[in-house]
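Peer 1: Given the coordinates of chain G, assemble chain C onto it according to the supplied hints.
There are 2 protein chains.
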Amino acid sequence: MKALLFHCKKWAVKFDSLANRPAGIKPESVNGKEEQKCEDCIVAFVTVEKGDDKEAASRGLADEIKKMCKEVGRKDAVVIPFAHLSNNIAESKFSLEILEEVVTLLKKSKLNVIRAHFGSNKSLLMDVPGHVGNARFREF
Amino acid sequence: MKALLFHCKKWAVKFDSLANRPAGIKPESVNGKEEQKCEDCIVAFVTVEKGDDKEAASRGLADEIKKMCKEVGRKDAVVIPFAHLSNNIAESKFSLEILEEVVTLLKKSKLNVIRAHFGSNKSLLMDVPGHVGNARFREF
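Chains G and C are the protein sequences, given in the same order.
Position 99 of the first sequence, counting from 1, maps to 99 under our numbering, and the rest follow consecutively.
Position 106 of the second sequence, counting from 1, maps to 106 under our numbering, and the rest follow consecutively.
Don't read these hints as lab results, they were simulated from the structure.
Quick caveat: nothing in here was measured; it's all calculated off a predicted structure.
Worth double-checking, as some hints may not be accurate.
Pairs involving identical chains hold if they fit within one copy or between any two copies, as the list cannot separate such chains.
[As the list claims (entries may be wrong)] Simulated pairs of lysine to aspartate or glutamate, EDC-like, Cα-Cα distance not exceeding 20 Å:
1) Lys9 with Glu35
2) Lys75 with Glu34
3) Lys10 with Glu100
4) Lys10 with Glu97
5) Lys75 with Asp40
6) Lys10 with Glu39
7) Lys14 with Asp63
8) Lys14 with Glu64
9) Lys37 with Asp127
10) Lys93 with Glu49
11) Lys110 with Asp53
12) Lys14 with Asp127
13) Lys33 with Glu100
14) Lys9 with Asp127
15) Lys10 with Asp127
16) Lys14 with Asp40
If we strip away everything but chain G, and leave its shape as in the complex, we get (with noise of 0.2 Å):
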């Protein structure tokens, strides 16, 4: 799993149409996240790898969200599923399993939780502030 983590004054996605790549994808339903946004969030944009650990890599990713959201002083989450931090992207259903236990993980830890939806084209509007730390890199 890659993951790249954002702090963001402000955060919105909006549905275009579904994704038809990478080859073999399975969108979801787009039921309820047509429209999605948040304001002073940790955004973590998340590709799941063919062979990923799922309960070490949602502890993992969890674990840096909750650390990051604590760093700002907030707790609201988004967890957007993203197939764009690495050419070695897992199934569909292997993805959405590992997302959603994240979710829950984070929810077990009293955070609000935005999950995006999984397998569209979407608009994206991020407005990062300028500080040390804003943007990170992590592998799980």
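Peer 2: Frame of chain G, contents of chain C only:
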């Protein structure tokens, strides 16, 4: 080299502070790069890695940026040094050489190019329209 490319309706960065990570980083002068922005452009976040082939990587990335510019009918590009797509980051001097070579190749192809500051914490604004191919990951 790893690169993340976006078509942006709006893109802007503002210098905040010089980076002291990763260890050994040598930031360049900020002069003239305090604040940079563009509209309707192709933005490439670029992580140069140890062992990259300067000629092949710079040409590969320049060709990809030119292709994406052509697809969206624009002649404006941004090359932004970005330490967050890999854990195998090249030395600063080598990274800058490759980034500058990409800029040179793009200018030869009559593109307008902004090259963002190397070695700083910056604010970042991105407004990406929702369409197929608005975000791409490439390895060179």
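Peer 1: Does each hint hold? Answer for all of them.
Peer 2: Quick rundown of the hints versus the structure:
For the homomeric pair Lys9 and Glu35, the shortest alpha-carbon distances inside one copy (17 Å) and between copies (18 Å) are both at most 20 Å. Neither within a single protomer nor between protomers do Lys75 and Glu34 lie at most 20 Å apart by alpha-carbon distance, with minima of 23 Å and 32 Å respectively. Taking the shortest Cα distances, Lys10 and Glu100 never come within 20 Å of each other, neither inside one copy (23 Å) nor across copies (32 Å). In this assembly of identical chains, the alpha carbons of Lys10 and Glu97 never lie at most 20 Å apart, being 27 Å within a copy and 34 Å across copies at closest.
For a Cα distance limit of 20 Å, the shortest separation of Lys75 from Asp40 inside one copy, 9 Å, qualifies, whereas the shortest one across copies, 33 Å, does not. In this assembly of identical chains, the alpha carbons of Lys10 and Glu39 lie at most 20 Å apart whether taken from the same copy (5 Å) or from different copies (19 Å). Proximity of Lys14 to Asp63 under the C-alpha cut-off of 20 Å is found in neither arrangement, the shortest distances being 27 Å within a copy and 29 Å between copies. In this homomeric assembly, Lys14 and Glu64 never come within 20 Å of each other (Cα to Cα): the closest approach is 26 Å inside a single copy and 26 Å across copies.
In this assembly of identical chains, the alpha carbons of Lys37 and Asp127 lie at most 20 Å apart whether taken from the same copy (12 Å) or from different copies (13 Å). For a Cα distance limit of 20 Å, the shortest separation of Lys93 from Glu49 inside one copy, 12 Å, qualifies, whereas the shortest one across copies, 32 Å, does not. In this assembly of identical chains, Lys110 and Asp53 lie within 20 Å of each other by CA distance neither inside one copy nor across copies; the values are 24 Å within and 47 Å between. Within a single copy, Lys14 and Asp127 get their C-alpha atoms as close as 15 Å, and across copies as close as 11 Å, so both meet the 20 Å cut-off.
For a Cα distance limit of 20 Å, the shortest separation of Lys33 from Glu100 inside one copy, 15 Å, qualifies, whereas the shortest one across copies, 41 Å, does not. Within a single copy, Lys9 and Asp127 get their C-alpha atoms as close as 5 Å, and across copies as close as 13 Å, so both meet the 20 Å cut-off. In the homo-oligomer, the alpha carbons of Lys10 and Asp127 lie at most 20 Å apart both inside one protomer (5 Å) and across protomers (11 Å), since each shortest distance falls under that limit. In this homomeric assembly, Lys14 and Asp40 come within 20 Å of each other (Cα to Cα) both inside a single copy, at 18 Å, and across copies, at 18 Å.
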